[in-house]
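Participant: Numbering (my numbering), first residue to last: 1 to 66.
Each hint should be verified, as a subset may be incorrect.
Computed spacing ranges between beta-carbons, pair by pair [claimed, not checked]:
no.	residue 1	residue 2	range
1	A25	K2	44 to 54 Å
2	G45	A21	42 to 52 Å
3	I38	W3	21 to 31 Å
Derived SDA-like pairs: lysine to any residue, alpha-carbon spacing no greater than 20 Å straight-line [to be verified]:
no.	residue 1	residue 2
4	K24	I37
5	K2	I48
6	K2	I46
I should point out that these hints are in silico values taken from the structure, not numbers from a laboratory.
From the three backbone atoms N, C-alpha and C, an ideal C-beta is built for every residue, glycine too.
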Amino acid sequence: MKWTGMYLVGYVILIGGVLGALWKAGILAEIGTTWTIIGVVIAIGIGIMLAVSSSGTKESIEIDRK
């Protein structure tokens, strides 16, 4: 698995942990399902952007033809 994928898996686990803590504290019941889903989608989108931006440098390959 590439490092980008590992980063994204770790980020999803982090979001799951945060959601579990908010649920246990009773905060998710006050917010509501719709806003919770919207927040999760935004958080996953930010995680994807961070994973792609930190995936390394893009290098071009030059081929010498003779």
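Participant: Run every hint past the structure and note whether it holds.
Facilitator: Hints, verified against the model:
1. A25 x K2: 44 to 54 Å: Violated: the Cβ-Cβ distance is about 35 Å, outside 44 to 54 Å.
2. G45 x A21: 42 to 52 Å: Given a distance of about 21 Å, which is not inside 42 to 52 Å, the answer is violated.
3. I38 x W3: 21 to 31 Å: 29 Å, holds
4. K24 x I37: OK: K24 and I37 at ~17 Å, within 20 Å.
5. K2 x I48: The hint holds at about 14 Å.
6. K2 x I46: Within the cut-off at roughly 19 Å; holds.
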